[in-house]
Structures are given as structure tokens and as C-alpha cells.
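Student: Residues per chain are reported as follows:
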Amino acid sequence: MTADYFLFLGLFGVAFFAVSGALMGHEKSINGFGVVVVASVTALGGGTIRDLLLTQPIFWVETPSYLYSAYGAVVLTVLSIRYLPPLSNYYFILMDAAGLAIFNIMGIEKALIEGTGMIVALTMGMTTGIFGGLLRDVICREVPLVMRGDLYATACLSGGLAYAALFALDAPYAWCIFGSLITTVFIRLGSLHWGWKPNIFKKGYTPKS
Amino acid sequence: MTADYFLFLGLFGVAFFAVSGALMGHEKSINGFGVVVVASVTALGGGTIRDLLLTQPIFWVETPSYLYSAYGAVVLTVLSIRYLPPLSNYYFILMDAAGLAIFNIMGIEKALIEGTGMIVALTMGMTTGIFGGLLRDVICREVPLVMRGDLYATACLSGGLAYAALFALDAPYAWCIFGSLITTVFIRLGSLHWGWKPNIFKKGYTPKS
Amino acid sequence: MTADYFLFLGLFGVAFFAVSGALMGHEKSINGFGVVVVASVTALGGGTIRDLLLTQPIFWVETPSYLYSAYGAVVLTVLSIRYLPPLSNYYFILMDAAGLAIFNIMGIEKALIEGTGMIVALTMGMTTGIFGGLLRDVICREVPLVMRGDLYATACLSGGLAYAALFALDAPYAWCIFGSLITTVFIRLGSLHWGWKPNIFKKGYTPKS
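Protein chains in written order, with UniProt numbering: chain A, 1 to 209; chain B, 1 to 209; chain C, 1 to 209.
Just so you know, the hints here were simulated from the structure itself, not pulled from any lab data.
Careful, some of the hints might be misleading.
Straight line, CA to CA, 25 Å or less: simulated BS3-like cross-link-like pairs of lysine-lysine [what the hints assert, rightly or not]: (1) C:Lys28 - B:Lys197; (2) A:Lys28 - C:Lys28; (3) A:Lys28 - B:Lys197; (4) A:Lys197 - C:Lys28; (5) C:Lys197 - B:Lys28; (6) B:Lys28 - A:Lys28.
These numbers were taken from a predicted model, which means no experiment stands behind them.
Start from the sequences and build out the full structure, keeping to the hints where you can.
Tutor: Below, the structure is given as C-alpha cells:
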């Protein structure tokens, strides 16, 4: 039961991140198979690092469906870029936020199943969510999304805390997942829409170099 | 028997990539031990990631000959840069192509030995071939070779398909390897020499940002 | 006994690197949780890669104290940046050098305990010391410290050789550690203070591209 949810969510998360990678590859004028490489790294990177850290078999080596999902999403994205009217940049942000929210949950769950404590599980959720996109941005020589002023890692952590809270309240499993997804996506997109910016350092302070 | 071929090919692949890393380090004015670091990462990075993904012991920790091969190649490269007339950039491309072709085969083989299916094995071959050079380019703040318009990942995949085809036709082992090597190197160098450029997106289209 | 030293040194090493990551995050105008991400990657990256390479359980998953140490160091750094007078860039260099020296020893020790030879152990020490900072610099889009002309990897290797020499001379355990720490920090800071620059390639030579 849980494993079914897992696979289903995971296939979607992988596809969302693969689309975001293919879109960025296109914007950066990467062509040919390079697009497949950057999309695959985006889609599979975060989960791969999670599995390595938990010393588990890598998810896409064990279950090649994830690979098919990533490759299929790339092909569809390339075809739709080729034959459909141009998409706005908003789709990239949306895909990235959805992937972030899903992978966050999957990282937390897999860590809890392996018997880690909550602080390690939340760290693992952030790792799963953030690292695929981080690798994408590093390879494409972009300023990583997580390093910009918007609430990226914060959205991820909030989703994790929402999941933990609902779980502690014995909410039904589907509610935990749904609550966490909504929280992450809402905070991430809200920060972009309303321009929320955190400022943990003193205002107007510049470091002496 | 197979293991001997493996070690032999691997030592050469490691040496080729180490040379390519040292050459790029030199071009980027990296000096001192930084050159050894970038060359080692280039030479050992792809295979290390492959072994991590297959949850196998890391090849150079188990068989330190690979380490000696990498370090030896760096020393020879530094000495030849120091005492011989300057080499053209062509050597860098050649070393990189040879390493790519060899590591591609080794990744596919090791995955098949571990009992994965063909799509995972081809992915593992591309990972082994591409990631060493990708890490080199990211560390040196270059546009990764795989992200440029030339046929890099495509050459890698073609070599893998050639290997799979020859293997399926029951060709002798040495022929499988040779056929794959030739295919990868030919497509890679051919793309540079004749300026083959893939274009999987529509021509002349620029994304709306 | 040894395990106690290990944990104690490790917690300090993690904290030092976390501070260096938070300082760089601040200088790069990263804000919100992005600072926590870059500081954690810096603090935990090198040791994580070492544990992956040795196919050991990841240290901070097994012993979450390291996580608390990293997160605590980030919070303290952010608070001190916020409320104390600005620190000079010297603190960044100092923290980085101390972390480098400690992680170098820990990498060598853990490899030797796992029964590797000395050349693999020294490589593992350099990996542990260098990779956290390397990831920090790559994510923050800085020229990696190890790639600049200063003695970074060389300091690391010298500390490793000092450790190996003292160990071979049957020096007391604390002396081995202390000797190695002093060597690494001295060479690293000395290279910056007195401007030592290695030049392993011929002087005044520029590569033909």
C-alpha cells in the first residue's frame, strides 16, 4: 500500500524534475543528448544522493520504471517545445516546485522507514528535494535556485514540518502527503508571487572583506 | 580473462582522463597540487560514481593500481608540459575521447555483470564516461563538454549501442570492445572535424522567458 | 579511547567548516535557509564522500551529533554576524584551514582503520579535507580555493605525511594529531602570509590553444 503511493508519487516527481531540467537545458541552448543528461541528473540526482546516504540500493537501478519516466518526460518535453507554442518560464517554476514538494516527502519517508530520527529525516527530505535542482543549476552554470533570496529551502523545510505535524496527529496517510505538498508548493510559489524575502542577517549590512 | 581485459583497459582509461585533467588544469593556470586534484577527480570520478550507484566497492580503493596510474599520468603530463615543446589543444580532445570510449564500455560491462537490464547498463556506461569530465569542467568553471553542441553524450550512447549489437551477434569479446571504441571515438572526433551539430529543438526558435 | 578523540575532533571540524560555509554564504548575499544548506554541505560534504568511498555508513546519519554541531555553528555564526561588529575575511581563512587540518587526519585514520594502504589513506585524507570546501566554492560559484595558486592541497598532503611519519616513529597518539594539525595549518596560512606560490610548470610558459 505505502509502496504503491511511493512508486506513484516518485514517478511523478521524477517526471516533473526531468521536465524542469529539459526546459532549462533548452533555455541554455544545450542540444542533442546533453539535454537528456541534464534532465536525468535533475530527475534522479536528489533521490540517488538520498539512497547513497542511507546506504540503500539506488532507486532507479532497482526499479527501472523511474528511468523510463525520466526519459519519457524528456522526450515529451522536447516534442512539445518543438511543436507547441512557446511556454512561459512559469512552467519551469511550477514543475520545479512540484518536484521539490514530492521529493521532500519521499526523502523523509524513506529515512523514517530506515529508522533514523526526525532531524536526520528532515535533512534527508531537504537533500532529496534540493540536490537534483542544485546539480542542474551547477551543471548549467546558473545561480542555484536554493541560493537566491526566495524561500526555496524554507519551503522544503516547512513541507517537512507539516508532514511531521500531521503524522504526529495521526492524520490519514493521504492527508499527511497532501498537507505537505500544499505547504511546500504554496510557500514556494507565494514567495515568488508576493515577493517574500527572508533576511536573517542584519538589514543593510555589507561584509568587510 | 575478462578481468584482465578490464584492468588493462581501465588503467589506460584512467591515465587518458588524468592527462586530460592535467592539461585543462594547466590551461586554467591551476598550479601545485591543485593539478593533481583536478586530474584525479577527472580520472576516477566517473568510475567512482558508477561503483556507488551499483553499491560495489570503489575500484581504486580495492585496486590501488588505478591510483598509481592516475598519479603517474599526472607526473608524466606535468614533466612533458615542462620540458617538451607545447602541445596543441588537439591532444586534450583526443585524450578525452579515448577515456570516454573506454569508460563507456567499462560502465556497461560492470552493470551487466551485476545483472542489471540493458537500459540501466547503457545509462551506467554514459555515467561512467561522462561524469569524470563533467566534474573536471564544473570544478574548472568551464562550460561542460557534454553541454556544448557537439556530439558528446551521443557518441557515448552510440558506442554503447554498438557494443550491445556486437554482443547480441555473438561477436568475439575483443571485437565488441574494439567496435565500441571505434564508434565512440569516430563520432566524437567526427563531430568536431566535420562540424556535425544535432538540433532536436525547432530551428531558429528562442524560448520566451 | 580513539573513538572519543575522533568524535571530539570531528565535531570541531564540522563546526569550523560550517562557520566557513556560513561566512561565504553571507558574503555571497545568500539568505534564509540557503545559508544553512551551503554551510551543511561544506561541513558534511568531505566526510560524506569519504564514507561513501569506504562503503561505510555515513557519519552524520549514524551519529546525529555531527548534524547538531553543524546546525548549531550556523546559528551562532548568523547571530554573531547580526549582532557583533563585522569580522574580517581572516576568520574565514582560519576556519577553513582548521577544518582542512582536522578532516585530513580523520580521513586518513578512518581509511587506515578500514585496512587500506597508505597511498589510499592519504588520498582519502585529502578527499575528506578538500571536498567540503570544494562543494562550497562550486555551489557559490567561486574559484575553488584548491584551484588557486596557494598551497591548499599541498598543505593537506604535508599534514598527512607528518601524521604518517610521527605514526611510523611510534609517537604518542595525541602528538601525531597535533603534529599533523600544526603542519597543515602552518603551511596553509604561511602560504597566504608570505605569498608562497608553487610553480610546477615551466615559468612564463603559456599554453598554445
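Student: Work down the list of hints and note, for each, if the structure agrees.
Tutor: Hint by hint, here is what the structure shows:
no. : hint               : in the structure
1   : C:Lys28 - B:Lys197 : 37 Å, violated
2   : A:Lys28 - C:Lys28  : 23 Å, holds
3   : A:Lys28 - B:Lys197 : 16 Å, holds
4   : A:Lys197 - C:Lys28 : 16 Å, holds
5   : C:Lys197 - B:Lys28 : 16 Å, holds
6   : B:Lys28 - A:Lys28  : 23 Å, holds
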